[in-house]
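Peer 1: The primary structure of each chain is shown beneath.
Number of protein chains: 10
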Amino acid sequence: MNRMEVTEKIITVKVAKGIQWADVAKKVGLSKEWVTSACLGQMTLDDKQARIVGKIFGLTVEEQKWLQVVPYKGSLATAVPTDPLIYRWYEIVSVYGTTIKELIHEEFGDGIMSAIDFSMDIVRQPDPKGDRVNVVLSGKFLPYKQY
Amino acid sequence: MNRMEVTEKIITVKVAKGIQWADVAKKVGLSKEWVTSACLGQMTLDDKQARIVGKIFGLTVEEQKWLQVVPYKGSLATAVPTDPLIYRWYEIVSVYGTTIKELIHEEFGDGIMSAIDFSMDIVRQPDPKGDRVNVVLSGKFLPYKQY
Amino acid sequence: MNRMEVTEKIITVKVAKGIQWADVAKKVGLSKEWVTSACLGQMTLDDKQARIVGKIFGLTVEEQKWLQVVPYKGSLATAVPTDPLIYRWYEIVSVYGTTIKELIHEEFGDGIMSAIDFSMDIVRQPDPKGDRVNVVLSGKFLPYKQY
Amino acid sequence: MNRMEVTEKIITVKVAKGIQWADVAKKVGLSKEWVTSACLGQMTLDDKQARIVGKIFGLTVEEQKWLQVVPYKGSLATAVPTDPLIYRWYEIVSVYGTTIKELIHEEFGDGIMSAIDFSMDIVRQPDPKGDRVNVVLSGKFLPYKQY
Amino acid sequence: MNRMEVTEKIITVKVAKGIQWADVAKKVGLSKEWVTSACLGQMTLDDKQARIVGKIFGLTVEEQKWLQVVPYKGSLATAVPTDPLIYRWYEIVSVYGTTIKELIHEEFGDGIMSAIDFSMDIVRQPDPKGDRVNVVLSGKFLPYKQY
Amino acid sequence: MNRMEVTEKIITVKVAKGIQWADVAKKVGLSKEWVTSACLGQMTLDDKQARIVGKIFGLTVEEQKWLQVVPYKGSLATAVPTDPLIYRWYEIVSVYGTTIKELIHEEFGDGIMSAIDFSMDIVRQPDPKGDRVNVVLSGKFLPYKQY
Amino acid sequence: MNRMEVTEKIITVKVAKGIQWADVAKKVGLSKEWVTSACLGQMTLDDKQARIVGKIFGLTVEEQKWLQVVPYKGSLATAVPTDPLIYRWYEIVSVYGTTIKELIHEEFGDGIMSAIDFSMDIVRQPDPKGDRVNVVLSGKFLPYKQY
Amino acid sequence: MNRMEVTEKIITVKVAKGIQWADVAKKVGLSKEWVTSACLGQMTLDDKQARIVGKIFGLTVEEQKWLQVVPYKGSLATAVPTDPLIYRWYEIVSVYGTTIKELIHEEFGDGIMSAIDFSMDIVRQPDPKGDRVNVVLSGKFLPYKQY
Amino acid sequence: MNRMEVTEKIITVKVAKGIQWADVAKKVGLSKEWVTSACLGQMTLDDKQARIVGKIFGLTVEEQKWLQVVPYKGSLATAVPTDPLIYRWYEIVSVYGTTIKELIHEEFGDGIMSAIDFSMDIVRQPDPKGDRVNVVLSGKFLPYKQY
Amino acid sequence: MNRMEVTEKIITVKVAKGIQWADVAKKVGLSKEWVTSACLGQMTLDDKQARIVGKIFGLTVEEQKWLQVVPYKGSLATAVPTDPLIYRWYEIVSVYGTTIKELIHEEFGDGIMSAIDFSMDIVRQPDPKGDRVNVVLSGKFLPYKQY
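As they're listed, the protein sequences go chains A, B, C, D, E, F, G, H, I and J. Mapping of the first sequence onto the working numbering: residues 1 to 147, in sequence order. Mapping of the second sequence onto the working numbering: residues 1 to 147, in sequence order. Mapping of the third sequence onto the working numbering: residues 1 to 147, in sequence order. Mapping of the fourth sequence onto the working numbering: residues 1 to 147, in sequence order. Mapping of the fifth sequence onto the working numbering: residues 1 to 147, in sequence order. Mapping of the sixth sequence onto the working numbering: residues 1 to 147, in sequence order. Mapping of the seventh sequence onto the working numbering: residues 1 to 147, in sequence order. Mapping of the eighth sequence onto the working numbering: residues 1 to 147, in sequence order. Mapping of the ninth sequence onto the working numbering: residues 1 to 147, in sequence order. Mapping of the tenth sequence onto the working numbering: residues 1 to 147, in sequence order.
Each hint should be verified, as a subset may be incorrect.
[To be verified] Simulated crosslink set (PhoX-like; lysine-lysine; CA at most 25 Å straight-line):
| no. | chain 1 | residue 1 | chain 2 | residue 2 |
| --- | --- | --- | --- | --- |
| 1 | J | Lys9 | H | Lys65 |
| 2 | C | Lys9 | C | Lys48 |
| 3 | J | Lys17 | B | Lys14 |
| 4 | C | Lys145 | C | Lys129 |
| 5 | A | Lys145 | J | Lys55 |
| 6 | E | Lys55 | G | Lys145 |
| 7 | C | Lys9 | B | Lys48 |
| 8 | H | Lys55 | J | Lys14 |
| 9 | A | Lys14 | C | Lys27 |
| 10 | G | Lys145 | E | Lys9 |
| 11 | F | Lys26 | G | Lys65 |
| 12 | H | Lys65 | F | Lys55 |
| 13 | B | Lys48 | B | Lys14 |
| 14 | A | Lys55 | I | Lys26 |
| 15 | C | Lys9 | A | Lys9 |
| 16 | H | Lys55 | F | Lys9 |
| 17 | I | Lys17 | H | Lys145 |
| 18 | C | Lys9 | E | Lys145 |
| 19 | F | Lys27 | D | Lys9 |
| 20 | E | Lys145 | C | Lys17 |
| 21 | G | Lys17 | F | Lys145 |
| 22 | A | Lys48 | J | Lys145 |
| 23 | D | Lys55 | F | Lys145 |
| 24 | G | Lys145 | E | Lys14 |
| 25 | H | Lys9 | J | Lys17 |
| 26 | F | Lys48 | H | Lys14 |
| 27 | E | Lys65 | D | Lys26 |
| 28 | A | Lys48 | I | Lys26 |
In case anyone wonders, no lab produced these hints; they're calculated from the structure.
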């Protein structure tokens with residue numbers, strides 16, 4: 001058994017039962033972004049969280065244990081994603097990558113925006129010309145250390 | 001002559017004169033994100049904007065014309081970016097890609113978040129545990145058309 | 001279970017029973033292009049459409065549910081397709097890519113032709129020198145937003 | 001000297017003088033699609049066409065000769081194009097590739113749609129919800145030969 | 001079931017029974033080159049041919065139907081083939097590619113040698129210094145269309 | 001100086017003076033296939049041949065010496081060629097690769113068709129339905145050695 | 001069934017029974033290098049050799065037949081091998097590749113060292129500073145043919 | 001200035017003056033394999049060796065200094081070499097890679113054959129059926145350390 | 001059966017029983033770094049070590065034999081690892097690669113730091129600003145041999 | 001002008017004058033690892049440091065300004081480095097990658113070892129069996145944030 005099989009089981013059960021990620025998140029008591037990524041095999045749950053998720057998706061004790069093992073991360077099958085929704089995010093990195101780099105360095109100096117001490121919030125923003133997806137990314141700035 | 005040469009000239013002048021992107025943006029009258037990406041060869045300026053940018057960076061009339069030509073976009077030298085700051089963004093797409101896809105579809109159905117009818121806002125969020133980079137991405141949701 | 005297995009089942013049944021895509025499309029009440037791509041795992045059906053397709057191909061209730069889940073899109077096994085028919089399309093993008101870009105920008109300015117608000121129509125055009133494949137692609141022009 | 005240098009000169013002159021592809025095509029007397037792709041180094045002009053193009057862009061006699069040499073074709077710098085407008089076309093091939101294959105084979109049997117005996121027509125289609133890019137692709141069907 | 005499984009069954013039976021491609025071709029009544037490539041999943045048989053091949057290799061009715069479905073073509077596992085015999089052919093394309101291009105264009109002008117309206121004949125040419133493999137490739141010349 | 005610069009000079013002179021490969025071959029006294037590939041930087045000329053080629057293209061003594069140095073071979077810019085004419089040859093290897101392998105092994109046993117003890121002849125074959133390109137490839141069969 | 005499955009069975013039996021390649025080679029009556037590569041699916045055995053190998057590894061008659069079929073060669077999972085021992089050989093080709101080319105051409109002129117009419121001998125060379133692996137590679141020189 | 005420019009100068013002078021690697025090696029007093037690879041930018045010369053090489057090829061003092069700087073090694077332009085002579089060596093690694101691994105491990109246990117404490121000797125072996133290239137590779141066996 | 005299956009079994013048992021690598025290492029009597037890499041299929045155990053590991057993870061005799069076979073090494077699924085923790089190490093090689101090269105050569109001359117005669121020690125270093133991971137890498141310097 | 005040109009000038013001057021990185025580091029007052037990587041275009045100097053480095057290498061004021069601009073990082077020309085010394089480090093990541101991941105997670109839980117809040121120390125460790133390269137890597141552990 002491995003983590004990927006647990007992820008596939010979770011997705012299969014989700015489709016069969018029509019479970020919503022937002023509901024799973026509420027039961028776990030954390031954001032829908034973190035909980036969904038954990039269910040998709042990218043984050044590590046603690047014992048209590050694993051039991052809650054296990055109950056929702058009917059996981060065995062061993063499967064719940066896998067949810068508590070740090071997974072090998074990276075959710076894409078190819079370096080450049082083929083799915084149009086995910087590709088648009090890759091395109092933002094491609095088109096705006098050097099811009100983001102310039103502006104963060106102009107404000108903070110040399111360093112990075114952490115993808116570990118990081119959170120994300122995805123919300124619908126109503127708009128008469130067509131609703132928008134609003135995403136807030138928040139990452140701690142980590143300066144390069146001189147030594 | 002090509003757009004890349006104009007971009008390189010802009011960057012060279014920026015370093016030599018110590019120009020700030022935020023100041024360029026103020027003079028152009030648009031956000032620092034859009035203006036910086038335009039100066040880096042990813043967006044298209046109109047005649048008036050090109051004159052303002054041309055004045056700041058000492059561009060010739062022909063170089064200003066290049067700023068008004070739609071560029072071949074994509075700012076990265078490799079499909080997976082090597083620069084640590086930009087890589088963290090690629091990593092976010094890699095680790096959270098399927099999560100973003102699940103949550104946007106759960107909220108909006110099949111479609112994408114536009115990277116064209118799109119804006120980005122990068123700000124410093126003071127934090128006693130270390131200031132954070134906060135980025136708001138806003139893209140129009142575009143539903144897949146049935147036909 | 002996953003969407004790919006449902007796609008494979010649909011194709012297997014199609015070959016075994018000699019079903020035509022045009023007939024499937026008529027029963028669904030949409031174009032053959034959209035319906036075929038949906039059956040091949042690239043579009044999302046609603047409940048009623050899934051039932052119709054499910055009946056044609058003998059799908060279980062759970063398989064019909066998978067047809068209503070937004071799939072991870074992209075139908076090619078390699079970045080450059082090896083199949084000669086599909087490669088010719090890739091070649092058109094390769095040979096005419098910059099031409100298409102120049103002409104759309106000359107007519108519309110900076111922006112893209114949408115692949116989401118998009119339709120396609122493939123028809124036979126009789127010709128004494130050999131019949132032709134005529135394809136009409138229609139995509140909404142989306143201008144880049146300044147902000 | 002090589003064809004690529006001639007292409008670059010044509011583009012440089014086009015930007016400097018503000019020449020339109022549609023006007024070049026009219027003077028050559030062929031479609032804007034074919035003429036633009038020829039100017040961009042993808043097609044071969046005959047002697048008379050080369051003189052007309054040479055006059056418009058101020059080309060030397062030797063540069064005009066290069067326009068009459070069959071070029072090494074393919075206009076993209078990477079197998080997967082990074083430019084958003086061109087990428088959308090790649091995405092259409094990726095998402096609809098197997099659909100196009102199925103429908104052409106259902107109508108014509110085994111064979112391909114030619115990318116050589118081929119024409120393309122790009123037009124603006126006014127639409128109250130936002131104008132559309134309409135593209136007609138026409139390629140001769142070539143059946144696989146049994147032998 | 002899919003075409004690849006039928007191909008694998010054909011090869012397995014061929015090895016187990018010691019069938020020769022030349023004999024299969026004789027029974028089908030076409031060249032050994034076309035028939036072998038069809039059995040290897042690259043060409044499409046008609047109903048009668050499929051029955052003959054089906055009888056030779058003990059295929060079921062459904063497997064025979066798969067032989068009549070246009071396959072997704074391309075027989076190599078990697079873009080650059082690793083097998084020494086096939087690599088030599090890739091090397092010929094690599095070393096002589098620009099030569100072939102120059103000489104066909106010198107004789108015919110701009111266009112291609114078709115790989116669809118195409119035939120191939122592989123024969124042994126006795127030679128006292130060591131027998132040779134002689135291969136005749138014949139492809140219709142297709143001129144690029146001006147429009 | 002390097003061989004590639006000599007190749008570029010040859011091509012530049014060829015275009016400027018309208019030289020034909022067939023004429024160069026006649027003066028050298030060998031096939032047009034070998035002579036063209038040598039001029040394109042893939043084969044090695046002897047002293048006498050280099051002088052003849054040098055005279056035709058106006059090469060210096062040092063440039064003639066480069067023609068006598070064994071070049072680093074391989075004439076394509078990418079592993080999968082983008083030029084449509086050369087791609088068709090790659091496609092033949094891709095679609096027919098396993099067929100060629102099967103038939104040569106069936107006739108000769110384990111070994112390869114040499115790409116070194118090799119010749120190629122490209123001729124026009126008149127045909128009322130459209131002239132054809134006929135290519136004869138002849139390579140010595142080299143059996144694998146047991147030891 | 002396919003050759004790869006036979007190779008895997010041979011390796012599994014070898015580990016389970018602790019068979020040595022040198023012993024297999026002695027029984028076959030050829031070098032350990034050739035026999036090992038044949039058992040690993042890279043060379044073709046004749047009927048008698050296949051029976052000997054079949055007896056050692058307990059292969060069925062059909063599995064022995066597969067040993068007599070010319071395999072699709074190439075034993076590495078990636079173009080650049082990850083295994084340290086095999087990588088060192090790749091590194092020798094990478095670091096010394098142009099050196100080997102220069103020296104063989106200096107001695108023999110244009111041509112190659114055959115990898116088909118080829119043998120290899122791997123022996124231990126005792127050395128007080130640490131024993132060495134000595135490998136003798138012997139390949140027939142094949143001159144490029146002029147034609 | 002960089003090492004690559006020095007390498008190019010050495011090669012240019014070698015062609016112009018018709019220098020032989022074997023003669024350079026004799027003057028340096030080391031094997032032709034090591035000296036050639038050093039001249040091609042893969043090894044590091046000491047001060048005395050650099051002066052000898054510098055004299056032969058007419059290098060400046062600064063160029064001689066570059067010969068004494070450890071170069072960034074790897075002499076191939078692509079991961080899979082396109083030149084036929086070098087490719088045959090890559091093919092040996094590809095076809096025999098797992099065989100070499102098995103036999104070295106059978107004789108020595110876990111470890112590698114060093115490519116650093118390594119030497120190579122390339123000689124002509126006369127043979128009535130065609131002379132052969134004989135290459136002896138000698139590398140110290142380095143066992144994996146347990147710790 | 002193959003080594004990868006044994007590795008997967010070890011990991012499955014580890015998760016199910018909550019075994020710690022540090023405990024396994026203590027029982028084997030070697031460092032946690034070496035023992036973990038051996039259990040993950042990268043190193044070779046001797047008979048006694050295999051029995052100890054076999055007992056801990058409930059392996060069969062045949063599975064224990066596989067632990068004593070030198071594995072095909074390399075633990076990553078892609079050339080550039082996607083997992084954030086492992087990527088940081090790749091990034092260190094990418095960002096500091098030329099620095100490491102310069103400093104080792106400045107101290108030792110031309111040669112390498114061995115990855116075979118090598119050890120690694122990973123420890124927690126308490127730090128009031130956040131604990132640190134301290135890793136000591138120790139590799140024998142191997143000078144390039146002149147010959 | 002760009003940072004890469006400044007890096008190349010620094011290296012050229014270093015070779016011409018025989019400057020040692022250790023001496024540069026002493027004058028800057030930081031570790032040789034950080035200072036070397038900064039001179040090689042991977043770190044950002046402050047004004048004072050840039051003046052010191054500028055004096056050592058004879059840089060202009062503008063070149064010194066470039067040293068204070070955050071560079072686009074990543075020092076390798078290919079994803080898998082070809083240089084043997086740097087490759088050994090890549091190999092350590094490849095062979096030990098999953099081991100490092102397991103042991104850091106066992107000690108710290110889910111998170112990463114920072115490559116930003118990071119330092120490296122390379123020293124010679126005398127050893128009678130051959131001196132060793134000892135490298136200490138120290139990176140802050142960053143736990144994944146739940147939200």
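Peer 1: Take the hints in turn and mark each one as holding or not.
Peer 2: Structure-based check of all given hints:
1. J:Lys9 to H:Lys65: Between lysine 9 of chain J and lysine 65 of chain H the Cα gap is close to 15 Å, so the pair holds against 25 Å.
2. C:Lys9 to C:Lys48: Holds: lysine 9 of chain C and lysine 48 of chain C sit about 19 Å apart, inside 25 Å.
3. J:Lys17 to B:Lys14: Since the Cα atoms of lysine 17 of chain J and lysine 14 of chain B sit roughly 32 Å apart, the hinted pair is violated (cutoff 25 Å).
4. C:Lys145 to C:Lys129: violated (46 Å)
5. A:Lys145 to J:Lys55: holds (24 Å)
6. E:Lys55 to G:Lys145: violated (46 Å)
7. C:Lys9 to B:Lys48: violated (59 Å)
8. H:Lys55 to J:Lys14: holds (23 Å)
9. A:Lys14 to C:Lys27: Between lysine 14 of chain A and lysine 27 of chain C the Cα gap is close to 29 Å, so the pair fails against 25 Å, i.e. violated.
10. G:Lys145 to E:Lys9: Measuring from Cα to Cα gives roughly 41 Å; hence the hint is violated.
11. F:Lys26 to G:Lys65: violated (52 Å)
12. H:Lys65 to F:Lys55: Violated, at about 40 Å.
13. B:Lys48 to B:Lys14: holds (20 Å)
14. A:Lys55 to I:Lys26: violated (37 Å)
15. C:Lys9 to A:Lys9: holds (20 Å)
16. H:Lys55 to F:Lys9: Judged against 25 Å, a Cα distance of about 31 Å means the pair is violated.
17. I:Lys17 to H:Lys145: The hint is violated at about 30 Å.
18. C:Lys9 to E:Lys145: Since the Cα atoms of lysine 9 of chain C and lysine 145 of chain E sit roughly 41 Å apart, the hinted pair is violated (cutoff 25 Å).
19. F:Lys27 to D:Lys9: Answer violated: lysine 27 of chain F to lysine 9 of chain D is near 36 Å, above 25 Å.
20. E:Lys145 to C:Lys17: With Cα atoms ~41 Å apart, lysine 145 of chain E and lysine 17 of chain C exceed 25 Å; violated.
21. G:Lys17 to F:Lys145: violated (30 Å)
22. A:Lys48 to J:Lys145: Holds, at about 17 Å.
23. D:Lys55 to F:Lys145: Since the Cα atoms of lysine 55 of chain D and lysine 145 of chain F sit roughly 64 Å apart, the hinted pair is violated (cutoff 25 Å).
24. G:Lys145 to E:Lys14: Violated. Lysine 145 of chain G to lysine 14 of chain E sits at ~37 Å, over the 25 Å cutoff.
25. H:Lys9 to J:Lys17: holds (21 Å)
26. F:Lys48 to H:Lys14: holds (20 Å)
27. E:Lys65 to D:Lys26: violated (52 Å)
28. A:Lys48 to I:Lys26: Distance of about 31 Å is beyond 25 Å: violated.
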